[in-house]
Amino acid sequence: MSRYDHPCLKIAIAPLSITQDPHFAMWVLQAPYLSGYVHHDSTWTEDLAQLWYAWQQLFSWQLLPSPLLPKTPGDLLSAFKNNASTSYSSLLMQKLGLNLWQWLFSGPVARSFDRSQGIAMGQNKPLRLRLDLRSPHLIGLPWEILQPQPGKSAVALSQHLLFSRTTSEVESLSLRQATDTLNILLVLGQESTERYLPELQLEQEASLLSEIFDRCALEESTVPYLVQTLIQPTVAELIDRLESQEIHILLYAGHGVPAPDGGRLFLGSETTLSGTELAQVLVRTQVTLAVFNSCWGAQSARQESDGSVLPRSSLAEVLIHHGVPAVLAMRDTIADREALSFIRAFAQALAQQHPIDRAVAIARQQLLTLYKFNQPAWTLPVLYMHPEFNGCLIPQQDWAITELPSNSNTWLEHLDANVYLRSIGSGEKVWPIRSGFLRVGRTDDNDLAIPERWVSKRHAEIFS
502 MSRYDHPCLK IAIAPLSITQ DPHFAMWVLQ APYLSGYVHH DSTWTEDLAQ LWYAWQQLFS
562 WQLLPSPLLP KTPGDLLSAF KNNASTSYSS LLMQKLGLNL WQWLFSGPVA RSFDRSQGIA
622 MGQNKPLRLR LDLRSPHLIG LPWEILQPQP GKSAVALSQH LLFSRTTSEV ESLSLRQATD
682 TLNILLVLGQ ESTERYLPEL QLEQEASLLS EIFDRCALEE STVPYLVQTL IQPTVAELID
742 RLESQEIHIL LYAGHGVPAP DGGRLFLGSE TTLSGTELAQ VLVRTQVTLA VFNSCWGAQS
802 ARQESDGSVL PRSSLAEVLI HHGVPAVLAM RDTIADREAL SFIRAFAQAL AQQHPIDRAV
862 AIARQQLLTL YKFNQPAWTL PVLYMHPEFN GCLIPQQDWA ITELPSNSNT WLEHLDANVY
922 LRSIGSGEKV WPIRSGFLRV GRTDDNDLAI PERWVSKRHA EIFS
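Numbering (my numbering), first residue to last: 502 to 965.
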């Protein structure tokens, strides 16, 4: 068993059309005990709708239409601002996290979670918590801020949970783990459609990112990083590099926008690549982890006519559906300094051989420490993981059976010398020790039986 294998609780949320109000079914698809597979129905409350509206007003780049928003928006944000006793942004951040938790973990789902976490704690392991969101309107919500009660960590920050999003409708997992080196392909695309960076500045940015991984490899890693760089490549150049080299991590830094076919990445001024197109080559070349240091990689696309959300249209979702083991993308816009801080902490955690979901949590904690709880930076990274993937990038040998080399002179099957046990005193007796092992005791089923009262049934075992 690998140390990356943890008890897992997987919860799916799907919309129901039995009422006019947003109504959802929640059921546990995976639990560490048989009776944990439970079901619960819940209606999206008006309080949650108002909180979600106020949260977007304060923290989101743009307010998008959604049936989960209130039909008549109130002025909840002003009410928070008028609370002079505390930071209204911190209060709003916490309030939405608490209410989302109470909505999701209620009734039998809450009991299943509590027992699953108890089982994980009994094994001295964190519980792997995976959320399968089956409504496109739920994708944009910051589920990473789920918080059980004031004073406790959000799920994506907790030491006792490994949180990620997932989906059940995926292609089978095709995994290739690193052995001698952890190979990273760093792709720098166009910074934005409105801003042009000279090649020299792009090379400096590439050098900075490469230096982060190189430093981590020297300080932390038992398996070294090998970083390759492509600056504004053509699609053909990107495919050729992925097919000709064994790449474990693809890191894209550049501009990205939502689009119906899995988002759109701007590799160059006249070169774009959709998520659907990228998925084909990533799955074929067995890339384990795709990281997108760009905006809106975890954001769904919308219809231009009415602004309605297109299901399964975000870059992260498309890649996971095609079978990529793990995808890390941003839910909204992220500043360069925030992204670099996150990548640096993430690289250090991977170098220490943490599983991917734990490494993301560690890097997220770094964002919260640097940029504060009441700022959205720590909520932006969104991790999707294949349901069959345990987050292991490097094969673990720590639980393997220790075996001596076959040419060792202590290897039992290759002993040249004969070994004997000899009694001392009158009537010397000799017993051969065969296969390097001799059982001593009072009963006849031992190799050496000594019928004396002071000898126990299983008195001793002698190894040679």
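Fair warning: there could be bad hints in the mix.
[Said to hold, decoys possible] Subject to a maximum C-alpha distance of 27 Å in a straight line, what follows is the list of computed DSS-like cross-link-like pairs (lysine-lysine):
1. Lys626 <-> Lys653
2. Lys572 <-> Lys596
3. Lys930 <-> Lys958
4. Lys873 <-> Lys596
5. Lys511 <-> Lys653
6. Lys653 <-> Lys596
7. Lys653 <-> Lys572
8. Lys572 <-> Lys511
9. Lys958 <-> Lys653
Simulated from the structure, these hints should not be mistaken for lab results. Fair warning: this is a prediction, and the values are worked out from it, not measured in the lab.
Here's how the hints hold up against the structure:
no. : hint              : result
1   : Lys626 <-> Lys653 : 18 Å, holds
2   : Lys572 <-> Lys596 : 20 Å, holds
3   : Lys930 <-> Lys958 : 21 Å, holds
4   : Lys873 <-> Lys596 : 16 Å, holds
5   : Lys511 <-> Lys653 : 21 Å, holds
6   : Lys653 <-> Lys596 : 13 Å, holds
7   : Lys653 <-> Lys572 : 32 Å, violated
8   : Lys572 <-> Lys511 : 32 Å, violated
9   : Lys958 <-> Lys653 : 55 Å, violated
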